[in-house]
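Peer 1: Produce the entire structure from the sequences given, and follow the hints as far as they go.
Number of protein chains: 2
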Amino acid sequence: MSDPQTSGYSPPETPATRTRFDLPDGVIYLDGNSLGPLPVGVADRVARTLTAEWGGQLIRGWNSAGWMVQPRRVGDRIARLIGAEPGSVVMGDTLSIKVYQAVAAALAMRPDRRVILSDSGNFPTDLYMVEGLIETLGQGHTLRVVEPEAVADAITDEVAVLMLTQVDYRSGRLHDMAALTAKAHAHGVVTVWDLAHSAGALPVDLAGARADFAVGCTYKYLNGGPGAPAFIYVAPRHADSARPALSGWMGHAAPFAFDPAYRPGEGVERMRVGTPPVIALAALEAALDVWDGVDMAQIRRDSMALCDLFISLVEARCPTLTLASPRDGSQRGSQVSFRHPQGYAVMQALIDRGVIGDFRAPDVLRFGFTPLYIGAADVRRAVDILQQVIDGALWDRPDYHKKAIVT
Amino acid sequence: MSDPQTSGYSPPETPATRTRFDLPDGVIYLDGNSLGPLPVGVADRVARTLTAEWGGQLIRGWNSAGWMVQPRRVGDRIARLIGAEPGSVVMGDTLSIKVYQAVAAALAMRPDRRVILSDSGNFPTDLYMVEGLIETLGQGHTLRVVEPEAVADAITDEVAVLMLTQVDYRSGRLHDMAALTAKAHAHGVVTVWDLAHSAGALPVDLAGARADFAVGCTYKYLNGGPGAPAFIYVAPRHADSARPALSGWMGHAAPFAFDPAYRPGEGVERMRVGTPPVIALAALEAALDVWDGVDMAQIRRDSMALCDLFISLVEARCPTLTLASPRDGSQRGSQVSFRHPQGYAVMQALIDRGVIGDFRAPDVLRFGFTPLYIGAADVRRAVDILQQVIDGALWDRPDYHKKAIVT
Chain A
1 MSDPQTSGYS PPETPATRTR FDLPDGVIYL DGNSLGPLPV GVADRVARTL
51 TAEWGGQLIR GWNSAGWMVQ PRRVGDRIAR LIGAEPGSVV MGDTLSIKVY
101 QAVAAALAMR PDRRVILSDS GNFPTDLYMV EGLIETLGQG HTLRVVEPEA
151 VADAITDEVA VLMLTQVDYR SGRLHDMAAL TAKAHAHGVV TVWDLAHSAG
201 ALPVDLAGAR ADFAVGCTYK YLNGGPGAPA FIYVAPRHAD SARPALSGWM
251 GHAAPFAFDP AYRPGEGVER MRVGTPPVIA LAALEAALDV WDGVDMAQIR
301 RDSMALCDLF ISLVEARCPT LTLASPRDGS QRGSQVSFRH PQGYAVMQAL
351 IDRGVIGDFR APDVLRFGFT PLYIGAADVR RAVDILQQVI DGALWDRPDY
401 HKKAIVT
Chain B
1 MSDPQTSGYS PPETPATRTR FDLPDGVIYL DGNSLGPLPV GVADRVARTL
51 TAEWGGQLIR GWNSAGWMVQ PRRVGDRIAR LIGAEPGSVV MGDTLSIKVY
101 QAVAAALAMR PDRRVILSDS GNFPTDLYMV EGLIETLGQG HTLRVVEPEA
151 VADAITDEVA VLMLTQVDYR SGRLHDMAAL TAKAHAHGVV TVWDLAHSAG
201 ALPVDLAGAR ADFAVGCTYK YLNGGPGAPA FIYVAPRHAD SARPALSGWM
251 GHAAPFAFDP AYRPGEGVER MRVGTPPVIA LAALEAALDV WDGVDMAQIR
301 RDSMALCDLF ISLVEARCPT LTLASPRDGS QRGSQVSFRH PQGYAVMQAL
351 IDRGVIGDFR APDVLRFGFT PLYIGAADVR RAVDILQQVI DGALWDRPDY
401 HKKAIVT
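Residue numbers (full-length UniProt numbering), protein chains in the order written: chain A, 1 to 407; chain B, 1 to 407.
Calculated from the structure, these hints are not laboratory results. Quick caveat, the model's predicted, so the values are computed rather than measured. Be a bit skeptical, because a hint or two may be false.
The list treats identical chains as interchangeable, and a pair is accepted whether it falls inside one copy or across any two copies.
[Stated by the list, open to error] Using 20 Å as the maximum straight-line C-alpha spacing, the simulated SDA-like pairs for lysine to any residue come out as follows:
no., residue 1, residue 2
1, Lys402, Val69
2, Lys403, Asp352
3, Lys402, Arg73
4, Lys403, Arg170
5, Lys402, Gln57
6, Lys183, Ala152
7, Lys402, Val27
8, Lys403, Tyr9
9, Lys402, Phe256
10, Lys402, Arg327
11, Lys403, Gly354
12, Lys183, Pro148
Peer 2: Rendered as structure tokens:
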């Protein structure tokens, strides 16, 4: 069949890098934006960490297996994928915790301002963490949440911190990091970028944009596994003065001196908090091997073409679905969302038929396109199945309406 | 040989439960107080989580593999070991983060008081996290650190929160949780107990002591692996009013409603923060199987006897070492510390000979005794080797003085 897309570029039918993943047979996995699949090599690496390192070296593993330097070593590998300077990224905790740290540090840089600006497309936990921080600070800070399109105009001299998720988790809408950061700086505003749906999805240039702080998770496009550790970036120009509000012993200048008083470590090291999650970091470290020799510009090109193809096919063949993502690929991350009044049940019917996306309340079907393992053939097959589900009202089954804990 | 101990009770030469651990040949592992060894079954369970759950079920694992309820399910298994009510313990983050949450929640219960009382035997990260919290609060709170013996007298109506680690990480000195909690309550003080060196080491009765909050790590006596997740306990009488200062989406009343505003979840669920560390929790869950059928009172009896035996043998045969732990077993956790001017080098020499303990600056040799896998034969053999090292000055080698990153 001929594709109705107009772009001249055709993405691979089946990407060569698919063999770097252990994907189940018969599954078209369009949810790597929520949880990336298992990369080949992760299970072996974790097994080695468990048996040879933990089991065999016991406590000595902290030195002999390099566990203590792992958060920085892995951070440097992620730095390369997000345009961060070497030594500016460290791993640990969850994204929520890292948001708290970054915003607390950013606010401390603007003690005379009281507004944190964000948008309604931000992921809720970022907003929740800031709510909690504001209450703890007790200084009358305000979290001002505007529509994504209104962010640029809302950047004023009153704002202390601009906290945005670059790619909207529902719609995939992409913020212009460089432009918003420049405008923020022109008004003396400190920026905190959440890269949850950017890292590994598209080229990011933190250094080039002069971003101040950034955070992200590693279980989506970085394929680190369920609940994989988060990362935090601190611009080198701030790293030796940033205040680590969550001042744990691993961020101390000399953790094993057991000083009674806290002294922050050098640079981004101070953003470490507790004992590093060694086993999870081993899984992540192995997962990052899938990026060897991968060109992020090519990933972006394929991702945009796959998304364009999906949009054009769905709109041609499933007119009851309404596009809920920007049509212009340059304004979008690596996912496409459609609305359907029975979105939840439609997604269950798709999953039952091997097309795995996810659902976000109230009516959004999300489909992530990750060119490392998704090709044009997958897109066409997914739309075939989607059309069968819609045309045959195959979603209209009681069990497809029963909500699970995680939707 | 005859043992110089006076107690009538003899612990097992080799514990029956040793077979529940994968211990390297030729090693006497006396550092389970820092990092517990690998239990049998953990590697298989983690492999299954990686391949069958993550690899095979992908995003569906959150429901089908029970990942989302894992933090409470594992919490309930730990609750049984620390005398906590079912449903009062939840897993996640690191001990440092959980200290911050617990102290912040406790302080919010005493808004008119400004003193946090702790002792100099507390683990530094607990003090550091409170320093950071005080700075974030900016309300002039004071962290008052007294000697362990002075804690009881320092509990006054001025104190908001009493934060103590029950077992001193250096000396093993054991606080009387019930007595100090009762005295604290008589003065309107809220208690936060750190059980890092208690959970799995000795019987703990949080409910019986009417403790308010407790936190702990799971990589020591609970054998969950390097960097295993922490736990937090909130007394059921506080759980529905406690303020979760780190208010992440997993602690929200309805995480998948994606509300713009935070509403705390029911009970201890509100102390969850970010996405749970599924792989690490799987390791921990399998590790907890070693406690099946184990009587904590018997563990305590064996632990005290092993420690007594070690102390009596060392004092008889290595007089240059000075006991740095309470002599009375009822005042001690499950470890014994000795001082030696060349403690660091002595420990390196011991480790080189298969006796693995650890060192805490400036001169403390720590030895943990975990009756699940250490028996009287190990104690005698360890002391034989210690005596050889001391008598032959075998520690006097340049490489034994070279400090590693982790000491």
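Peer 1: Work down the list of hints and note, for each, if the structure agrees.
Peer 2: Hints, one by one, checked against the model:
no., hint, in the structure
1, Lys402 - Val69, "between (46 Å within a copy, 18 Å between copies)"
2, Lys403 - Asp352, "within (14 Å within a copy, 57 Å between copies)"
3, Lys402 - Arg73, "neither (44 Å within a copy, 23 Å between copies)"
4, Lys403 - Arg170, "within (19 Å within a copy, 50 Å between copies)"
5, Lys402 - Gln57, "between (48 Å within a copy, 19 Å between copies)"
6, Lys183 - Ala152, "within (7 Å within a copy, 56 Å between copies)"
7, Lys402 - Val27, "neither (22 Å within a copy, 54 Å between copies)"
8, Lys403 - Tyr9, "neither (40 Å within a copy, 58 Å between copies)"
9, Lys402 - Phe256, "between (52 Å within a copy, 14 Å between copies)"
10, Lys402 - Arg327, "neither (32 Å within a copy, 61 Å between copies)"
11, Lys403 - Gly354, "within (19 Å within a copy, 55 Å between copies)"
12, Lys183 - Pro148, "within (15 Å within a copy, 54 Å between copies)"
Checked against the numbered hints given earlier, this structure breaks hints 3, 7, 8, 10; the rest are met.
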